[in-house]
Amino acid sequence: MEFILIPILASLIWAFLPIKSRWIASGLSLISLVVLLTKYNQGSFPDGLVVFDQPWLGESVRFTLVIDQITWFMLFLTQLLLPIIVLSVKDQNQKLIAWAFLMQAGLNGVFMAQDGLIFYLFWELAMIPIYFITLQFSEKDNFVTTIRFFIYTFVGSLAMLASLIYLASLSGGSFAYADLLNTQLSHAQSLIIGGGLLLAFAVKIPIFPFHLWQADTYTNSPAQGSMLLSGIMLKMGLYGLIRWYMPLAAESIDFYQPIVMTLAVVGIIYGGIIAIRQDDMKRITAYSSLSHVGLIAAGFFTLNSSGFNGGLLQMLVHGLNVVGMFLIIDIIQKNTNTRNLSELGGIASKYKFFTVLFFIIVIGTAAAPLTSGFPGEFMLLNSVFKYNSIHGVLSGLTIILCAVYMLRIFQKSALGSNEIAMSEVSFVDYVPLIIVAFSVLFIGLFPQVILEIFTLSVEKLMLDISNAKGVLS
Amino acid sequence: MNPIILILGLPLLGFLINGVLGSKLPKSVVGAIGTASVLGAFIIAILNWNIISQPENNSIHLDLFTFLQIDQLSLKVAFQLDRLSIWMTLIITGIGTLIHLYSISYMKEDDGFYKFFAYLNFFIFNMLLLVLGSNFLMMFFGWEGVGLCSYLLIGFWYKNEDYGKAARKAFIMNRIGDLGLLLGMFLIISQFGSLDYSVVFPQIATGNTSTSMLTAISLLLFVGATGKSAQIPLFTWLPDAMAGPTPVSALIHAATMVTAGIYLTVRCQVLFALSPLTNEIILWVGLGTAVMAALIGLKQNDIKKVLAYSTVSQLGFMFVALGTGAYSTALFHVTTHAFFKALLFLGAGSVIHGMHHEQDIRHMGGLKSKMPLTHLTFLIGTLAISGFPLLSGFFSKDEILTAVFLHNKVAYVLLAGSALLTTIYMFRLYFLTFHGQYRNHHHAFDKVHESPMNMTLPLMVLALLSIVGGALNLPTYVTHSDGFLLSWLKPLFIIPQSIHEINHNTEYVLIGIAVLIFVSGFLIARNIFVSKATVPAENSTGLGGILQNKFYVDEFYNKVFVRPLEITSSVLHDLIDGLILRAFTFGIFPMLKLVGRLNKKVQNGNIEMYLLYMVIAIVLLLGVNLIFA
Amino acid sequence: MIGIALVFFGGVVTLFLGLNKAESKSLWILRFFMLLSAVLSGAESQGWIDFSTLFKWVPSHMLSFNAFKLSMVSILSFFGFFILSLLPSSQKKGADVLGLFAFALTGAMMMVGSQHLVMLFLGLEVLSIPLFVLAGSEKEDIYGNEAAMKYFLMGAFSTAVFLLGAAYTYGGSGTLVLAEIQMKLSFAAHFGEFPVLLKAGVILMSVGLLFKVSAVPFHFWSPDVYEGSPNRVATFMAVIVKVAGFVAFAQLINTFSPMQIWINQWIVPVSILTILAGNIAALVQKTVKRTLAYSSISHAGYLLLFLILPMEENLPILGTYLLSYGLGTIILFYLMDKYSADGEKSFEMYKNIRNNKIDLAALVIGSLSIAGVPSTIGFVAKYQLFSAAFSQNHYSVYLALLGSAISIAYYFKPFRYALAESNEVDVKQVSNDGLFTQICLITGMLLIISLGLLPMITERIF
Amino acid sequence: MLNVFHNLEISHYIYLSTVLFSIGLFGVLFRRNAIVLLMCIELMLNSVNLLLAAFTEYMGDANANGQMFVFFIMVVAAAEAAVGLAILVMVYRNTRKTDVSFLDQLKD
Amino acid sequence: MSEISSLPLPFLILSFITILSALYVVTSKNPVHSVLALILTFFSISAHYILLNAQFLAIVNLMVYAGAIMVLFLFVLMLLNLSKESEPIKSNLWGIAASIAAGMVLITLTAAFQKSGIAVMPAPSEGIGLVKNLGRVLMTEYLVPFELSGILFISAMVGAVLLGKRDKNSEELVDLNNKNNA
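Protein chains in written order, with this note's numbering: chain A, 1 to 473; chain B, 1 to 629; chain C, 1 to 462; chain D, 1 to 108; chain E, 1 to 182.
By construction, these hints were calculated from the structure, which means they are not laboratory data. Predicted, not measured: the structure shown is a model, and the values here were computed from it. Here a beta-carbon is modelled for each residue, glycine too, at the ideal position from N, C-alpha and C. Hints are supplied without guarantee of correctness; some may be wrong.
[To be verified] Facing chain B, a subset of chain A residues (Cβ under 8 Å, in silico):
#	residue
1	Ile276
2	Ala348
3	Ala368
4	Phe385
5	Val393
6	Gly396
7	Ile400
8	Leu407
9	Gly416
[Claimed, not checked] In the DMTMM-like style, the derived pairs of lysine to aspartate or glutamate whose C-alpha atoms are separated by at most 20 Å in a straight line are:
#	chain 1	residue 1	chain 2	residue 2
10	A	Lys386	B	Asp196
11	A	Lys350	B	Glu161
12	B	Lys370	B	Glu450
[Unchecked claim] Coverage of chain B stretches by chain D, computed from C-beta distances (three or more under 8 Å per stretch; other residues unrestricted):
#	region
13	597-604
14	607-617
Take these sequences, add in the hints, and give me the full structure.
Okay, structure coming up:
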């Protein structure tokens with residue numbers, strides 16, 4: 001419960017007290033990280049530990065929060081990224097932080113909820129702040145984009161709600177995870193229910209062709225909005241996939257697996273190909289994100305342990321890397337007033353340290369070995385290849401395409417002979433970048449440390465899924 | 001302390017010190033640290049030679065930690081120093097030391113001096129990672145890592161956008177190969193459940209794996225090799241990679257990194273030995289590359305480009321050897337090639353340095369007198385690569401030719417032709433550079449100078465090695481036993497390397513042919529470039545034009561891959577994403593709005609109309625539910 | 001019952017005391033009575049106090065209130081109080097307008113408590129007739145005139161249709177008491193076919209009520225009339241009429257519950273039509289008020305889904321939904337009224353809101369709640385309704401969800417002007433309301449949020 | 001008195017009132033003058049009244065519920081007429097028209 | 001329709017008059033004629049009431065409707081000077097549409113009744129519609145609606161006054177307008 005109350009409290013404090021320092025905000029957001037770290041023991045229960053349980057609405061809905069290893073990991077991801085993001089907020093956008101805290105509460109709830117409706121509740125609670133962030137703090141009139149984004153995801157959420165209601169009606173009215181898990185579905189029912197859940201998650205992840213909201217929203221949002229969206233929000237969809245879709249509608253996996261795999265692979269290539277020609281750095285990052293998370297989704301859908309572990313690892317890594325990219329873009333834009341590659345160049349000649357960090361993040365995203373991108377991508381590609389070699393080869397193209405566009409970004413902006421006018425990068429801007437760059441190298445070297453956080457729960461989860469499917473995969 | 005830690009650790013330490021503190025340190029210190037770290041690694045490798053060279057297949061292992069543990073698959077950060085890797089280590093660190101030394105002078109004017117040394121050290125570290133790894137994953141780390149360093153070093157002068165493009169091209173083409181390697185690794189995982197050499201190779205050797213699977217794995221690994229070793233179709237990056245500083249070309253793009261593909265194949269000897277189809281493909285790809293690059297080399301005018309195509313061609317030679325199953329021969333050629341090609345590149349660098357960054361051979365000539373040391377060493381290099389008898393290249397090339405002769409006569413003829421071309425273009429280069437008239441109008445002949453000592457010293461060392469390097473694997477007819485390298489590697493091969501039995505008469509004929517090739521090539525070149533003093537034209541026509549334009553391969557790739565990809569990108573973004581999908585998805589809102597506008601017609605403010613609608617609705621409600629229900 | 005008495009008494013007192021005084025002075029009296037009614041009825045609904053002995057003389061087959069209805073009376077009074085507190089009083093003299101509000105509210109309560117067709121009819125009329133007048137209470141306003149005329153003519157017409165239905169029902173069942181009609185019907189249910197008179201009767205009566213709650217295609221009056229009427233009256237129509245109308249409607253349909261399956265046949269299409277048409281039409285509106293009008297139409301559509309449910313055990317759902325609908329709608333109307341004071345009718349009016357944090361919060365919370373976004377009571381209400389309706393009819397719920405998705409497009413429209421920093425252009429300072437109004441507003445927001453987060457409270461209420 | 005007409009059935013009254021109702025309905029749709037519209041609505045109400053009276057008679061409802069209903073309908077009709085005419089007068093004062101088809105300023 | 005001939009003559013005649021006069025109400029171009037025809041309709045309906053043993057209703061109908069309400073209508077007509085045939089004639093299309101719509105209501109209802117038939121009610125009892133009886137019911141059972149219709153009336157009254165009275169402000173406004181015009 002503290003992971004919900006602390007952020008809400010922080011949000012209220014920030015919204016109503018006249019504090020202005022980014023450091024204080026970051027400190028506020030660090031509280032929950034510290035609390036989380038002290039609870040590492042709680043996270044070591046592979047079966048999950050009930051941390052809160054109260055009746056919420058009638059007989060059917062209980063406010064149940066559970067922490068298991070995967071949850072702990074997801075919470076970790078959230079609490080880790082938030083201070084970084086908060087630290088990068090521009091001075092004139094201070095109120096954004098209040099929204100960000102609120103969103104943190106929602107996200108934490110999503111990851112901990114062990115009741116269908118509570119899950120949905122937090123799911124939406126996480127979505128509202130990001131809507132307002134993208135709307136309120138963007139540079140130009142962003143209404144159409146954001147409303148598209150919201151409706152697009154909202155349609156997905158409503159499909160999920162419908163599915164959950166359907167499922168609950170079959171489970172005798174209870175929304176409790178265990179009851180939903182034990183509900184036997186006919187094939188047709190599982191197709192409908194699974195389809196609804198899948199739609200919600202596919203939109204959020206996003207899987208091709210449900211990605212349409214993504215590029216515009218990333219491009220037009222304030223940098224912190226893009227970070228929150230791509231760093232944490234996307235992970236909700238992926239988390240939902242393994243925690244909610246697969247165990248609950250396991251009977252439908254056989255039907256949806258080839259479809260989702262194909263779409264995910266198409267998305268991987270599609271995003272990659274588009275990214276190589278864009279001019280706007282944010283847009284490139286958006287499409288690269290489509291490509292990367294498509295791979296994660298594909299990895300999950302292979303239903304093997306390599307895919308699950310790799311996917312979870314990659315969620316953290318992608319979160320950090322993409323936040324790093326947006327930090328870079330934000331700093332460049334803040335100092336040069338543009339983020340179009342055609343207008344940039346030559347940053348390296350003036351900002352050596354910045355360029356080094358930039359390059360580390362670039363190669364981290366491009367999954368060079370000994371950087372964080374590699375282990376996850378390796379496991380994911382391995383799992384996809386195991387599922388189907390053609391899918392594996394096609395999704396493997398991502399390492400080529402990713403190299404193409406990431407190097408293009410780096411080269412066009414940092415290298416070259418342009419003498420771009422850029423004001424001094426401040427220390428506060430460097431801190432989050434350094435954290436990200438450090439993580440790129442650390443995870444690149446010791447991925448097993450991260451894997452061990454959640455690997456037992458993954459086994460348990462996979463057991464749930466295979467039990468629900470009736471066949472061990 | 002485990003020697004591997006030191007071997008790997010010293011260059012890494014050098015990289016870290018130079019990378020982090022380099023900007024604050026004086027250049028001499030930076031250079032010293034960089035060179036010393038590599039030299040240290042070299043010395044340690046030498047010191048451990050004895051341990052490795054025990055009669056049984058001895059090796060030193062180092063297991064650091066588990067990198068990834070997925071179910072039963074355990075991927076470890078683990079290294080081994082065995083006969084193959086120590087050989088490679090010595091080449092890498094040995095030549096690396098010389099080139100570091102050379103670079104101290106060559107790069108001393110450059111702002112990025114410390115950066116350069118950091119990159120070089122990092123490259124050495126990665127290259128060592130590649131050869132020292134005891135599993136495919138570690139090799140892949142090094143494999144990608146050297147690609148990354150290559151990218152950094154090619155684009156070292158980052159302000160020049162063309163260099164940047166060349167660097168990117170190198171990295172991306174390498175990545176295409178890397179994908180093949182990666183997929184090969186996935187197949188290995190699925191087949192053998194491990195990536196450790198010590199697990200995989202014995203399993204293959206049992207012969208229980210189907211040939212088609214082995215062929216698939218070996219082909220995928222070979223795709224990786226073509227990327228790194230610049231074979232058809234992925235060779236075009238290497239000539240462009242000459243954008244980097246010359247020591248880089250010498251170290252990375254001649255002596256070490258590009259031979260990673262050969263190392264990979266030798267390392268997986270057991271795998272390749274059991275996939276005959278792959279061997280055949282390797283043979284022909286290598287052969288094609290050897291011939292094609294040699295042809296292109298004939299018409300290049302940039303001193304480094306000639307050497308680059310020569311490298312591609314020589315790499316082709318090595319693959320031909322691999323294709324015939326002569327693994328030790330290939331490695332032998334790797335070694336000798338490292339000596340003389342590094343020598344040639346460094347010599348070229350010395351020329352460029354002396355000519356103040358002039359690279360076009362048409363603007364050189366007559367440098368013999370001004371740069372005697374450079375000239376002499378360059379000549380030795382040229383002779384070595386051309387196969388002047390008893391120099392290192394003569395032996396290694398002869399071994400390859402012999403192996404091919406026994407394997408396939410057609411291939412032999414083609415490869416011999418390629419060797420002839422090698423001699424021609426190398427002497428063309430040599431003559432145009434050092435003989436004849438000085439032809440540069442921008443830059444006075446007086447200002448041309450010999451390079452300083454720490455540039456010529458490596459040249460001399462390498463020249464010496466080029467001369468005597470052949471001793472490393474002297475042919476049977478000289479020693480009446482297996483060559484040193486062959487016997488050195490023998491314990492490593494689980495399946496023994498096929499030894500080509502050949503009677504001495506044939507062998508002498510082949511040697512005769514080789515000598516003939518060298519002589520005729522030399523004479524042709526001399527005739528054209530010394531006697532007639534021909535200077536290559538700006539734009540050749542006909543076949544020459546095609547050769548000068550490198551068979552239009554780049555243009556072909558551009559038309560067939562790059563442009564279509566770019567067009568696809570735009571189409572996907574603007575048309576599919578921007579229009580069609582959007583129309584389908586968000587088109588629903590305009591549609592809804594259209595329906596909403598229709599409502600305007602209905603909601604027109606007129607009470608009578610409203611009443612009429614209501615009555616109609618009542619009629620419908622009543623009619624449907626009372627009468628028809 | 002105490003509510004009817006108090007509000008009526010309050011109306012009369014206001015009428016007499018407030019005559020020839022500025023409206024704002026006598027408003028306090030009426031507010032007091034409404035609040036008192038809300039509190040007392042609420043207390044009675046929770047069983048804390050009991051006024052039934054006071055009203056022993058009222059036959060229970062005419063007018064009776066159970067706990068649910070008492071809470072609805074309480075909510076109606078509260079909404080009345082809320083509307084009169086938030087939407088500002090005109091400076092005109094005379095308390096006649098206020099009196100009419102009170103009487104209309106009385107009518108609404110009568111509808112809620114009616115157990116008899118005559119009472120239902122009377123309640124309907126007592127509610128409607130003051131509203132006809134109120135719609136045109138800005139006498140010089142031509143739009144107000146038109147609104148009054150439209151509302152009156154169509155309302156009278158629908159009354160006639162309702163009466164024909166009532167007459168048929170009487171003919172078919174021989175009684176006007178709802179409970180007895182239900183009994184007759186359950187007898188008939190045993191013999192299979194239901195009398196055609198009853199069928200026609202229930203359809204025609206429903207048409208009358210569908211008109212009142214403005215369901216498509218009987219909704220045509222509502223956007224026009226809302227637009228023409230003074231904002232306060234429009235709010236009253238949107239909230240009070242709909243709340244009372246739906247409680248009465250539910251009561252009526254419950255009466256005919258033996259033929260529920262047959263009723264569902266036509267309620268479901270009407271409901272779906274209302275949801276879709278309301279939302280789609282709202283999408284293209286230029287003025288805020290019309291958008292809100294169509295929004296209230298679409299909510300009528302959702303509420304119609306309630307009618308297909310088994311009534312008794314599901315009444316809390318209706319209560320929650322009406323509570324959430326009323327709170328959200330009143331807040332949005334209040335903001336619309338406040339920021340359209342300078343004549344701006346389009347959504348651009350909201351650009352002036354950004355300096356007023358409380359109003360901004362109210363806009364966000366109100367919009368989110370009425371759009372049914374979680375953590376607000378709007379979500380709880382919609383969830384309960386949909387999940388209950390889902391067991392009866394899957395497709396209607398899917399379509400209703402689709403409708404909710406569409407509705408986001410217009411509920412979020414104000415944010416474009418209210419929030420986006422990029423739109424910072426000539427922001428006018430709109431004067432702040434009094435403390436009392438602000439307290440009311442904050443109370444409303446807190447209710448929305450707290451009930452949304454702790455929905456078990458609503459279970460206690462209903 | 002009705003027993004004189006022993007072959008008169010309730011259905012005849014139903015038909016009669018339905019016809020009357022429809023005529024009123026027709027008038028509402030057909031006419032444009034607000035005052036006539038109001039009259040047509042009164043006609044519709046009266047047809048209902050007639051029907052209710054007939055039902056009361058035919059059912060022998062001892063409490064005469066139908067007739068009571070008629071009574072209240074008349075009450076309402078009177079109130080409606082009063083308010084309606086007031087509205088009409090008000091509209092006429094402002095627009096000098098009673099034609100409803102001119103009242104179409106409020107629309108989408 | 002053959003059974004029509006078997007119906008008692010008074011009913012037929014009354015119905016005939018009712019329908020005819022009702023039709024005249026809706027078709028007459030002159031509102032005053034409509035009012036008069038409506039009064040005739042009410043008279044005939046009152047006669048029906050008498051046939052139906054609802055004597056009190058008949059009287060009240062005459063008094064309230066034909067008397068009070070219709071006079072009110074007439075009064076307003078005269079007040080607004082609408083007695084002439086001022087109403088523009090609607091297009092034929094409207095007429096057709098209106099008659100089809102109204103006809104459809106009629107047909108649907110009759111068809112529904114025809115289809116399922118209407119239950120015949122038990123024999124009538126005497127004296128239901130007498131004042132004495134009605135009064136008793138009204139004061140006992142229907143006391144609540146009776147009381148509450150007071151609210152209806154008070155609101156109608158207040159409403160009518162509210163709308164009918166002229167505000168001082170508005171007169172000033174009119175004056176102002178006139179001045180401006182002048």
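Hints and how they fare:
no. : hint                  : result
1   : Ile276                : holds, 5 Å
2   : Ala348                : holds, 6 Å
3   : Ala368                : holds, 6 Å
4   : Phe385                : holds, 4 Å
5   : Val393                : holds, 6 Å
6   : Gly396                : holds, 5 Å
7   : Ile400                : holds, 5 Å
8   : Leu407                : holds, 5 Å
9   : Gly416                : holds, 5 Å
10  : A:Lys386 <-> B:Asp196 : holds, 19 Å
11  : A:Lys350 <-> B:Glu161 : holds, 17 Å
12  : B:Lys370 <-> B:Glu450 : holds, 6 Å
13  : 597-604               : holds (count 4)
14  : 607-617               : holds (count 5)
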